[in-house]
Amino acid sequence: MKRSLSTWLLLGATTLFLGLFLVYPMLRVLVRAIVVDGRPTATFVLALFANAGLRQGMLNSIMIGVYATLLSMVIALPLAWIFARYRFPGRTVLNGLMLVPMVMPPFVGALGLNQVFARCGSLNLLLEQLGLPMVDWFGGGGMLGVVVLEVLHLYPIMYLNIVAALANVDPAMEEAAANLGARAWTIFRRITFPLMSPGLFAGAIIVFIWAFTDPGAPLMFEYRTCMPVQMFDTLSDLNENPIGYAIVVYALLISLLAFWASKWFAQRTHVVPSGKGATADAGRRPSRLGLVMIYALLLGITAIALLPHLTVLGVALSDTWFMTIFPRDLTDRYFKLALTHRLAASSIRISLILSGLATIVDIIFGVALGYLFARSKSRVTAWLDTLVMMPLAIPGIVLAFGYVASFQSFTALDPRRDAFPLLIICYSVRRLPYMVRAAYAGFQQLSETFEEAAYNLGARATTVLRKITIPLMSAHILAGAILAFSFAVFEVGSTLVLAFREDQYPIAKAIYLLSMRLTDGPNIASAMGILGMLLLGASLLIAGTILGQRMGELFRSR
Amino acid sequence: MVGVRLTNISKSYGTTQVVRDISLVISPGELFFLLGPSGCGKTTLLRMLAGFLEPTTGAIYFDDRAMRRVPPNARNTGMVFQNYALWPHLTVAANVAFGLEVRHVRAADRRARVTRALALVHMDAYANRFPHQLSGGQQQRVALARALVIEPDVVLLDEPLSNLDAGLRIEMRKEIQRIHAELGVTMIYVTHDQKEALSLATRMAVLHDGRLVQVGTPVEMYQNPATLFVATFVGETNVLPSTVTSADARAYVLATPCGTVHLPRTRAAQPFATGDRVALSIRPEGFAFATDAPAVNTWSARVVESTYLGEIVQAVCAVGDTLVRVTALNTAGPPPRPGDSCSLVINAAHCRIISFAAKEIK
Chain A
1 MKRSLSTWLL LGATTLFLGL FLVYPMLRVL VRAIVVDGRP TATFVLALFA
51 NAGLRQGMLN SIMIGVYATL LSMVIALPLA WIFARYRFPG RTVLNGLMLV
101 PMVMPPFVGA LGLNQVFARC GSLNLLLEQL GLPMVDWFGG GGMLGVVVLE
151 VLHLYPIMYL NIVAALANVD PAMEEAAANL GARAWTIFRR ITFPLMSPGL
201 FAGAIIVFIW AFTDPGAPLM FEYRTCMPVQ MFDTLSDLNE NPIGYAIVVY
251 ALLISLLAFW ASKWFAQRTH VVPSGKGATA DAGRRPSRLG LVMIYALLLG
301 ITAIALLPHL TVLGVALSDT WFMTIFPRDL TDRYFKLALT HRLAASSIRI
351 SLILSGLATI VDIIFGVALG YLFARSKSRV TAWLDTLVMM PLAIPGIVLA
401 FGYVASFQSF TALDPRRDAF PLLIICYSVR RLPYMVRAAY AGFQQLSETF
451 EEAAYNLGAR ATTVLRKITI PLMSAHILAG AILAFSFAVF EVGSTLVLAF
501 REDQYPIAKA IYLLSMRLTD GPNIASAMGI LGMLLLGASL LIAGTILGQR
551 MGELFRSR
Chain B
559 MVGVRLTNIS KSYGTTQVVR DISLVISPGE LFFLLGPSGC GKTTLLRMLA
609 GFLEPTTGAI YFDDRAMRRV PPNARNTGMV FQNYALWPHL TVAANVAFGL
659 EVRHVRAADR RARVTRALAL VHMDAYANRF PHQLSGGQQQ RVALARALVI
709 EPDVVLLDEP LSNLDAGLRI EMRKEIQRIH AELGVTMIYV THDQKEALSL
759 ATRMAVLHDG RLVQVGTPVE MYQNPATLFV ATFVGETNVL PSTVTSADAR
809 AYVLATPCGT VHLPRTRAAQ PFATGDRVAL SIRPEGFAFA TDAPAVNTWS
859 ARVVESTYLG EIVQAVCAVG DTLVRVTALN TAGPPPRPGD SCSLVINAAH
909 CRIISFAAKE IK
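Top to bottom, those sequences are chains A and B.
In terms of my numbering, the first sequence is residues 1 to 558.
In terms of my numbering, the second sequence is residues 559 to 920.
Simulated from the structure, these hints should not be mistaken for lab results.
All residues carry an ideal CB built from backbone N, CA and C; glycine is no exception.
Careful, some of the hints might be misleading.
Claimed, not checked - Partner residues are not named here, just some residues of chain B that face chain A (Cβ under 10 Å, in silico): (1) F610; (2) N631; (3) R633; (4) N634; (5) F639; (6) H647; (7) A701.
As the list claims (entries may be wrong) - Taking CB as the label site, the calculated pair distances span: (8) S287(A) <-> G694(B): 35 to 45 Å; (9) R664(B) <-> Q444(A): 32 to 42 Å; (10) D682(B) <-> L541(A): 36 to 46 Å.
Stated by the list, open to error - In silico negatives: residues of chain B with every beta carbon more than 12 Å from chain A: (11) V576; (12) D579; (13) G597; (14) G695; (15) I728; (16) V802; (17) A807; (18) R823; (19) D834; (20) I870; (21) A907.
Input sequences plus hints: build the corresponding full structure.
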């Protein structure tokens, strides 16, 4: 395809948009961290090492990221293996169930889990009644709770990636190994795992960066000695104390490093383009005992993963849940309040509008870029692809921090005055990769000859786009848009940083604020969380139905 | 109905040349074939005619109109794609109507023409189906109707039958021939299947490595191949490396590994001199089994393999150490059996003397 004027316009607009709202803020933060009064200095970069609290915070966050990644791998691998290789009754329903834990951001789950695992929570009360000693579940300062919440939320991302990767491994590769006498474990270790590892790494990096930089769950658990919370705390005296910039730079460097490492690992492995014969449909049927074990494993994991959801529902539905094992005095009062309470109702409206606008921006850029990437490959588009995928490697809290640092002196964009413009931009930049991926997948499965046939019959470019391309693509665009929208609604890190005025709080910040109020705050917050879960759940269900196994491609770093 | 003229067309991607200096004139109303193995540049050539690719050098004319920089949607060609490219979200009728819609044909008129086009390919009963509800052969017919309904100046067919099974392919060949005869429209047909080309083409061009090797009617291509490539690609043949032992005004004498052959000069693709190394192509049907053989152009042979097929017999015979394929009409007597001694009589009309060096003719 020739590079026309519109292509150049698109390249220019994308570069300008991402240059201004992705590259510039990051550079700005970097400069602020190492340049003071016009002179480069290592003071603040080194200060991080000198300060024991900050050093420990960074280490803790890295550990949270690593533990969360490894644990979600341990959970997701057998699940994905079962779904990729076995056919059994209820498979489709259970496959959908695997994604359900994703519908609740970790910090909402914390609201409920506190009820169960706190010192006087349900579990310890149960132990006490049974005459057993109480256990400090969140011992070690609470890191365990954070890791558990992150894992329960993120293992579906890992699962989606591994299933997609396994589906690409031609069963004939494994059969060839079996034919030559290899045992199951050898086949997995020598053949299957190497072939699927690019997908595994692609999922792992998303999980790591997410867990490493999520401020939501630690804040809810009052686990303050970790990087995202410390970064959040420096915001108030940003202009006097550049230590915040140093934290951001470290967070960014670690994220980028992890990103490149995963890319490097993925490239080192042999990526085998699956032939047309490659199909995962040739699944085995498990024996009766195997079937029982499969059901037990799937339902067991899902039950544990849904525990936070259930507890949140308990908090949202009960008037009193204090010093008792189960919630009491059921009421729908808090759901009504969630829809009518000043802060709650306005935050829901604001989140829906901001996410909607951000999604429109994403659709425009995403469809155009997806088309460009699918239809014309060159060095320019390869470079642009890297740029567009960068938001996956840059944590939301880091990006938002960069926005505050870069734009607080521009009246039009100053988040302290009006946070809406930057929130919309931040949401759209953060979710752009998902939209581009979805559109790209759509264009790829759309044979170019469909468009050529229309040109050949005399249609002009606009007609082809309107009558052929868009109708054939609409499912993918819809799926990408739904995901971009629903994840923007529950965007935590950047929302906490950017929303300064209470009348401008989106859902995430309103939930955070409400959860700190002593009386009915947590109950209303939980009710809001449940409403959000329903929204996100429905979105994922629709998107999953449309995209099928290609869903996994949206949640990977390459 | 237009004529198509290509002058010195080349197409390069970076340093790889996929089409090299092709000039060609296709008359109005021809069913013209571009024949060649995969990778020979025939599809690239067709896509340049459709306007999806611009030639690197050279020009394309539809009648006297130069097509340079004329976009695909302004060329009025009707293309049938290899995978049909029927739009899955539109019904059969809507697929066929598309080209008329973008030409702003009035609705009543449009309906009538769609019905007529579908009737032409015997698909009028399927107007409201969606493509995925049709079989491969039916999709093929709809794709043809969609290309024809706009009354194109040229119909371009890109390996249209390659996705069909053998039986359907023969049926669709006849359909295309019938439609071409009925409409008289210029058709350019790309294929790697020489039988398709031989059975349908008014004329054909053989392409090899991006070059045009030979142009002619199917009979010319089969009987008078200009190069060894054409001789072996179009139809089956026996190739015997030979030497010219005598050349006079009317005939050549060749020494072949099987024996001596006398051929009239008209059987040579180009003039040769005594001592030249040449390739002799003898079609399998150029041999006949004989009992009372004339002395000239007759070799003694032994039957190695024999397949009886009713009206013909296909045999492999050994002449000395050289094996040749023979296809002979069955006479009343018993067919040859393996091990039989026999005499092979060569029919000069099925022979062709070709230079080893001739890769192409300009």
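Going down the list of hints, with the structure as the test:
no. : hint                            : result
1   : F610                            : 6 Å, holds
2   : N631                            : 5 Å, holds
3   : R633                            : 8 Å, holds
4   : N634                            : 7 Å, holds
5   : F639                            : 5 Å, holds
6   : H647                            : 5 Å, holds
7   : A701                            : 8 Å, holds
8   : S287(A) <-> G694(B): 35 to 45 Å : 40 Å, holds
9   : R664(B) <-> Q444(A): 32 to 42 Å : 38 Å, holds
10  : D682(B) <-> L541(A): 36 to 46 Å : 42 Å, holds
11  : V576                            : 17 Å, holds
12  : D579                            : 24 Å, holds
13  : G597                            : 19 Å, holds
14  : G695                            : 19 Å, holds
15  : I728                            : 25 Å, holds
16  : V802                            : 51 Å, holds
17  : A807                            : 54 Å, holds
18  : R823                            : 48 Å, holds
19  : D834                            : 49 Å, holds
20  : I870                            : 39 Å, holds
21  : A907                            : 44 Å, holds
Comparing the model with each earlier hint shows no violations; every hint is respected.
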